[in-house]
Structure formats: C-alpha cells, structure tokens
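J.: Since the structure of chain A is provided, determine the placement of chains B, C and D on it from the hints.
Chains as they are written, first to last, in our numbering: chain A, 1 to 426; chain B, 1 to 178; chain C, 1 to 179; chain D, 1 to 350.
Hints are supplied without guarantee of correctness; some may be wrong.
Simulated coverage check for chain A against chain C, where a stretch passes if three residues somewhere in it have a Cβ under 8 Å from a Cβ of chain C [stated by the list, open to error]:
#, region
1, 89–97
2, 101–111
3, 136–146
Simulated coverage check for chain D against chain B, where a stretch passes if three residues somewhere in it have a Cβ under 8 Å from a Cβ of chain B [to be verified]:
#, region
4, 77–86
5, 141–147
6, 251–262
7, 281–290
Since the hints were derived computationally from the structure, they do not count as laboratory data. Beta carbons are placed, not taken as given, at the ideal position from N, Cα and C, and that holds for glycine.
Letter by letter, the chains look like this.
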Amino acid sequence: MNAPFFKYGLFGDEMSLVVAFGIGIAFGFFLERAGFGNARKLAAQFYFRDLRVLKVMFTAIITAMVGSFLLARFGFLDLSLVYLTPTFLGPQIVGGLILGVGFIIGGYCPGTSCVSAATGRIDGMVYLAGMIGGLLGFAEVYPRIEHLVKLTPLGQVTLAEQFNLPYGLLVFAVVLMAFGAFVAAEWAEGRIGGKAPDADSLLTPARKFGPARKFAAVLIALGLVAAFSGSPYRTALAQVDTRQLALEAGTKADHVMPAELADWIIEGRNDYLLVDVREPAEFAAYHIPGAINVPLAELKQDFARRNERIVFYSDGGIHAAQAWFLIRALGFPSVYMLFGGLEEWHDTVLNPAAPPADAPAKDQVDFARRVAVAGYFGGSPRRAEGPALAAPAPAAALPKLAPPPPAAPPVTKPATPAKKKKKEGC
Amino acid sequence: MRYIMVIDTKRCVGCMDCVVACKTENNVPEGYNRDWITETVRGEFPTLQMEIRTERCNHCDHPPCVHCCPTGASHVHDRGGVVLVTKDECIGCKACLAACPYDARFIHPDGYADKCTFCLHRVEKGQLPACVSVCPTHCMHFGDADDPLSDVSRLLASRPHHTLLPEAGTRPRIYYLT
Amino acid sequence: MSSPTDTPPREQPHMNPYWAGFGLGLVLLASFVIMGRGLGASGAFTTAVATTVHAVAPAHAEGNSFYAEYLGDGTASPLKDWLVFEVLGVFVGGFLSGALANRLKFTIEKGPRITNPRRLVLAAIGGALMGVGAKLALGCTSGQALTGGALLNVGSWAFMMCVFGGAYGLAWFLRRAWL
Amino acid sequence: MCPMIEFTNFRHNPGIDPAMHIWGWEIPVYLFLGGLVAGLMILAGFRLLIMRPNERQAMVCCTVGPLLGLALLSVGMLTLFLDLEHKLYVWRLYLTFEPTSPMSWGSWILLLVYPALLANALAHLPEALPVVARRLPVLVTISDYMLARPRIVISTGLANIGIGVALGIYTGILLGALGARPLWSSAVLGPLFLFSGLSTAAALLHGILVLTTPDAERPEFADFLLSMLSRWSQARPLDTRIAPTLAQADNSFLTIELALLGLLLIGHLSSTAVHQQAAWLLLTGPYAAVFWVGVIGLGILIPLSLQHLELQHRIRHTIAPAILVLTGGLVLRFVLVAAGQASHWAPMLD
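So here's chain A without its partners, still in its complex pose:
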C-alpha cells in the first residue's frame, strides 16, 4: 500500500502545488468538455431540457467511488487517509439549499463559473465577482454566527459508518441508483423536455450494445464485485495481525531510551516525530524540546505522515504504549515509545544520579557526559544515595556543549498536520 502518494511522503508540500496545478488543468478541461462553461446548459437541468449535470456528476461520482473502493480493497490506496470533510448536518442542509437557489439564479457553481469566465462568458465573470462579494459579506457576519455554523457536528463520517452498512454494498447500491437515475433522466428528457435522444444513450431503441451500455455494464459489474468485497479500510480490526504485533511488543525494538532521544535532539536530527500524548495543560507545563502535543483521544489515522518515524511518550509508560498499539494497528510502520516516559527522562537525562564514589572510572566519565547533557536540557545532576561525593569535576575535561539555540530548538518537521493551521477542505 503506497497511496495516497502525498501522505506517504513521495513529494513535499511545495511539489503538491505543482500537482494541484496539473490536476486543476484536467478538472477544468473536463468541466468545459461537459458543457459546464455554459449557464444555459447547466440551467437546462432544472427544466428537464438536458439533464447533463446529473449525468456528468453521477458518472464522475460512481467512477471515482468504484475506483477508489477497488484500489483500496486491493491494497493500493489507503482510503482512511483520503481527507473527508467533517459533517455538520444542519449548516450543510441550509448551505445546500442556499447554494441550490444561487445555482438557479446565477446559473453556475464556483467551479463551473471559473470555466465559463475562462472561455469568455461575461456572466461567468460577473458571477465570480458576485461570489467574492458574498464571501466578503459572509466574513463580516461570520464571528457572530460562528456557533451556528458548527451546529450538529457528526464528525468525519461516511454513509457506511452512519447507517452501519457494508461499504461495498453501499457502493453497489449507489451505482445501481445512478443508472436508475440515468435511465429516468433520459426518459424525462424525451417526455418533459422534448429532447431527441442522443445517438449513444442508454434508452436508444436500437438493440445495439453501444458504448454507453458497455460502459454501464462494466461499472455495474465492478459495483457487483465491490458489493462482495467487504471493507476497504485496512484499519478494520479483523485485519490487524495481533500475533505479529504481540511479537513486536515482546521485543525491545520499539523502545527509545531517554539518553538516546537526548542525543538525537542534541544532534539536531529531524527524521523523527516526537509526540506527547498527555493533555495540553500538562504539555504546556513541561515537554521535551521539539515535541508536538497530540492527546491520546485525538490520535487519528492522518495525524502524521505515514512513513514518518514516530516516538510517543507520556508520564509513565502506559499511555505511550497504548498509543503505540493504536497507531501500529492503524498500519503505521515505524512507531516507537520513550522507555519509562517522562519519569525516566527526568531521572536519567535531566537529573542523572551520580555513581558511587568507588565506581569504576568508566562510569565516572560516562556520568560527566550525562551532566553535560543535563545542562543542555536545563537540568542538573542529583546526588546518589550513599556516601556524599564531590561535585562532578570532569565536566571541564569534556568539550563544552553549545547552549540550546535561542529561539527554535532543533525540532521536528514544522509541517506536520498537527501543527498545520490552514484547513484542508474546500
């Protein structure tokens, strides 16, 4: 499984914009080909003259739906990583109605108006100007109605989850429904709109098995395959190989020792993502430099890029271990946890205990190094139990550590989704 390419880190944010441009060109091209740059063609939908909007939209929806389902089912695409706009049922129903009214009054929707303006339609350009005016007005009243816009939240949820139906079955149902709608649409075009049927339509009286019908047959067949394929999500519980996870948990391969982590931070390594799973208040009080805060309850499938090395820590070890299991079960390949959590971090990195005075010289040298590390993180060594000992002298013999850089500690990648402020949706 290695798609969506972007979320697996195949290319960065900067290149994603170049991809966006390319995808946009294709999108605009097909919108124009479909006749969506023409307001009369779009409005004809609502007078049963030409049900193009319905045909194009539903063909596109079922194509992408069946395609993404099958790619996900056969392990190429991780559907759980495809961004799903959260549902706010009330505002979306009201917004949909307003949008529908705007559609019939203005004759376009935002995407199609771009195409119409690009092909010289002056009404399309005026429509765009009107939309910008609408956005400006909405922005001014938004702070007062913000609570209304966030009403009835259902979260990121699909129909399959909402109605507890198998995803594949739903795919098949939508495909069947779409073809039902196409046949009805062609019938209505002829009956109400008085339009002669297209040469290549589903309702052509000839017994020919034309391209449209072949296309329909293929999609329905694929839909039928989908209906019996089960869930597209790799993350479903049944697919977690518990035995392998248990074996992994048994070894210590998933541990990062505090001293090791301290070295990583001092080296300025940025090939890992340090995640604090405690509550924000605790995070604010103290956190390991460079960590980001994702409370346990907010760990989601897309909280980080999948190919990233992730290190969890919490106060002790338990919450980190739970986060480790959760995220490992979601299919992230390289997940680690800080051994002993923050307690161990305090004990071994921030306030290392001095060895007894009669300890071998090797321990003494090692301790001196740890004192230097502690200094870097703003901690200080503590005395060990037993006989008192002098303050560690050998520190001078070691190279002095650089103080932490003034503003930004050598942290992880700044562009992790957890920190990203801009919204991803439309």
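T.: This is chains B, C and D only, laid out in the frame that chain A set:
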C-alpha cells in the same frame, strides 16, 4: 601600505566589547551593527568544536561592493587600501549590500550604505581602531601587512590562520588565527 | 483573430455527458490517489479574498476568525495553497478545452426573454448566494457534492440533495431567465 | 551523517538578518519593464529596417510599440527611483561612469533609450495616429524628413536594435554581476532576461493586435469598450497580417528562454555546493511551486502551445497567450530576485 586585522580565535570569548566600542566610537544607530560576534559549533556530539570570533567588513583586496557601485561612492582609500563609502555620493541602490558575501553592509537610516571603516579617523591619528583598543583578551591585532616587522605580519608568519569564505574570491584582509 | 482567408471553424458540440463524467471521475480518482484529497473551488476564492483583505487591512483580517482560518500561520504566503493552484489550473484547462472546441467568445449566456443587464444582476446575486452557501456547507459542488459524494460522506449527500432541492424548488419562478 | 554545523550570528541588521531582503517589489517590476522595453526596441528597430518605402502598415511594431515603450520605461524608472534609499542623490549616477558597475552602464543606457525610441516612433507616427498628426503638423514634417533619408531610417533601426540588446542584457547582468548571491552569479542571466523581454514584447504587440481586431463574436458593448480604448487607431486599423509573424516570433523567444533557464540551472547544478543549493531553491525548495507553475507552466509552456495551435489555425488568436507571457515574465523576475536574495555563501542551516 596594506592594513589588515588579525584575530586570535583561541582568545576571543565573545564578550562583545568590540561591538559596544564600535557603536560608541562611530555613533552607529540603534539596532544596527558594524561588527558582530559569530559562534560556530561543528562536529558530532560529544566531540564538538566551537569557534567564537568577531567579524566585520573584510576590506577585501578584490572588493565586489566597490566594483558594483554605480556612483563611485564605495571606493578603496589610498591609505592602507581600506574600503570606504562616501555617504554624499551614495544613492542607496543597495547593489553593494547584495554584492557582499559577508553581509557586512547595511543601509543607514539616513539612506546610505554604511559599514566598518577600520576606524580610519583614529588610525590616521596613530591610534588603533576602537574595537582593537578595547579588546580585554587582546585577541585582535591591527597593522600593516607590507611591513614585515609589524605585529600582524609576525603573527601571520608564525601561526596557522584562515580567512572567511576564501572561495568567494574576494581576498579578505581579516585573518583568523586558529 | 483569424486571417481573412480562412473562415473560423464551427463550434464543436459538447462531449457525451457520460464520457465527460467518466473523465471527471478519473481526475477525481487521480486526486485521491496522488494527494489523498478531493477537488474544490470555492476555498481558493476564500483564500484569495482573505489574502486581499489581509493586505489592505491586516488588523481587520487577523481579528476576524473567518479570515484567520485561511491565512495560515504566516510562515508562507496564504496563496501558496493547494486549492489556489488547482483553481489556477481549472482556468487554464477550461480555456484550453474551449479554445480547442472553438467555444471561446465574449458573450452572455442567457435565455431569450431576459435582457443583458438583468442577467448580469442575477449572475451577481447568484454568485453572492453561492459564496454564502458554500461557506455554510464547508464546500461547493466540487468540494462537497463531487468529492464527498464519491467518498460516501454523510454531509455531502445531504448537501447534494438540498442543492438539487433548492434549485428545482425555485426553477419555475425563474423560467423567464432561462427558457 | 555529515557533522552538524551550528551557526549563531549576533548581527541582526535590518534587511540583512535573518535573511537578506533588501529588494522588494520595485526591482522585479523594474527588471520586467526594462526587459519589455528592450524587446519592444528590438522588434521596432527590426521592423523599421525591413520596411519597404510604401509599405507603411506595420505600425503596431514601429509606432505603438515605441510609444508604449516610452511610457513603460518611465514607469520602470519610477519604480527604480522608488527603490533608492537616498533619493535626493540620484543625480550622482550621471556625474560619473563606473565601467565595472552594471548599474552605471544601465543608467547611461537608459538615457540613450529615450531618443532612440522616440525616433522610431516618429518615423511612422502620422500613419498610425492621423488624428494627432493633424493637430501637430510638425510631426508630419519630421516623419517626411526621416523617411526621405534612408540613412536616418537605417541608423534609427540599428540604434534601436543595439540599445535594445544592451538594455535587455543589462537587466540580467545587473543581478548576474552580484557574485555574493550564488543563484544570480551566472552570465546566462543576461541573455535569459533579454529573451524573456523579447517574448513579453512580442506577446504584448500580439495582444494589442488581437484586441483591436474587429470580431463578429464580440457583443456590442465589449466592442464599444475596446473601441474606446483604441479609438485613435480606428481611423486606420492596425495591420493584423503580422499577428501570425508575432506569434511565431514569440514562440521562438519562449523556446530560447526555456533553454536558457535550463542552462542556468544546469550551470548551477554542476557547480559548487552553494550554487547547487541555490538551484534547488527553485527546483524543489520554497520557490518551486511558483517557479514550476508560474514561470515554466503558465509563463512558457502553456502560451507556447496556445500560440502553436493558433499558428496551425486549430484555435482562434486570443489575448490569453499575451496575458500569460506577460505575467510569466513578471513572475520570473519576482522569483529570481526573491530566490537570489535567499541564496547565500555563508554556512546555511536548513
């Protein structure tokens, strides 16, 4: 005559006395600096190596800032080859700022390019530049490189040294003893 | 412009809707596979509006929670946004397709029984409503109906039904504009 | 793993630290307009040279172009002036000539541009603007005087070409001579800006021709608006026969520009570490999106293909390529000026 500066990085502790002395002596406006301290740490923990040094205009033998100046405001002074700016000729085009690989210049709030002058007004009176004269660790030395008996010539002859960004081809005249 | 000797080629008919829809679906699928997100349009204009307002009146934009959401954390220009670049492409793609089919012309699409100024006023009103509706619904026909529809998003399907409902409900009153 | 280098600098001079940002929008706009005017000069001079005595129709190149050039150059010099920090001393530029300074060369070249452009415009002005010429008969006198003497026409044409080439190359060398910014330190920048300027100039003239062509498919009021803008030329329509020639020329310029951009990047990528780092700023770094989409895609490849289709009579001539090429030229200057200031010799911490 070829004025140069030799700075002993083994002695510099980054106390910033030179920075303060320069600001006072040359009346450098608030928020601007003609000289500054840099700290470089290199290596891999725990075998780190740190170098603290004081930096300023290198008064290069091959000064790109002088070559690109359209009005001749940036020029090489006859005395010791010091690179100077005549502020009444400078139009503030900022070409010299872009041309300097050391980023040693800045635009004075009055609108002209400004930078270190090796305190030529003091040197002409037989004094040392302000930064050199206040250095508490005596890590900075100023003098004539053409005079083989000068302090700076003897230091360069006796100790390993390097200059900053020699690969930029500017032939800088501030030497750092290592 | 065409030289006097060759007559401009005739405007080509539109594509078969099913094949156009199939192409559109493949583009959407490609977006899922490459980027892990769907298509959109209205968000780009919101970003552009937010950036413009921020340039004109920075304090006002930063104080407004609506604009703040689209301005990012200030480390990069808010215009360096996925949807902005995508919509830039939409303009180019639409123009290319229109040019190749000889459908480029400065004109106003309207029914025969409505005057030009009235059609333009209606277009502006429709656009304004669309801007409000799209922001209430967290997306427009591209971002919600098309993308969310293909992902079986609950809100998107509810939204799609309402769009058709709203449009069909009002269609009869506006028949003079289109028929 | 390569050893860590941590670099702390206590300088903090405004405009220099933490990242150099001394040139804002003024310099890119000036470089763009300078290149555009250079292109207009070369096209005008060339057209003037190949014009036969009684063929006086190519006024879009020989008159409209130079007149626009005079206006655009003035705007460009205004932006250059706005960028100066010591504005009252600007006359210092003309008290000296510094042979090693591209900016000094430029300030003197700019002085030569005005008379050359004016001469080119005057040669055929009464043809293009009969309304103006009727009010100012002296224009007719000048034009007749010039056209009666082939040597004056030829030297005007040659002067325009020569000064245009110098102006175009100078806008690039202005940056190219600043070796302290690795991205700029390439002599390719001169020809690159010259050909970018030529492509924008050809696109501008092509766009003007398309706009002023009567079009049956335009609604009345759009035509009305256009004729308001171009009423002065309606007395005698511009010769639209050279539109394909201009599109053809623009395509050649765009292709050369693309090749030069490639050479610039290849040169940097096969050079020292700092130059490679500078090239990656454009290729995958923080300027990649704008570079690939704005400069390469919108500015070069798409207008190139549009004009190719126009030349093959597959699509109508539109002003879209003109808008795209002009925008692309402007974005190229912005990207190069911004990325160049971000590129650096000193140790960089990524």
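J.: Confirm or reject each hint.
T.: How the hints compare with the structure:
1. A stretch counts as covered by a chain when three or more of its residues have a beta carbon under 8 Å from one of that chain; for the region 89–97 of chain A and chain C the count is 8, and the coverage holds.
2. Under a criterion of three residues with beta carbons nearer than 8 Å to beta carbons of chain C, the stated coverage of the region 101–111 of chain A is upheld, 11 such residues being counted.
3. Remark: the region 136–146 of chain A is confirmed as covered by chain C, as 8 of its residues place a Cβ nearer than 8 Å to a Cβ of that chain, reaching the required three.
4. By the rule of at least three residues with a Cβ nearer than 8 Å to a Cβ of chain B, the coverage given for the region 77–86 of chain D holds, with 4 such residues.
5. Figure legend: the region 141–147 of chain D, annotated as covered by chain B; annotation inconsistent (0 residues with Cβ-Cβ distances under 8 Å, at least 3 required).
6. Requiring three or more residues with a Cβ within less than 8 Å of a Cβ of chain B, the coverage given for the region 251–262 of chain D is violated, as only 0 such residues are present.
7. Here the region 281–290 of chain D counts 0 residues with a CB under 8 Å from a CB of chain B, which misses the bar of 3, and the coverage is violated.
Checked against the numbered hints given earlier, this structure breaks hints 5, 6, 7; the rest are met.
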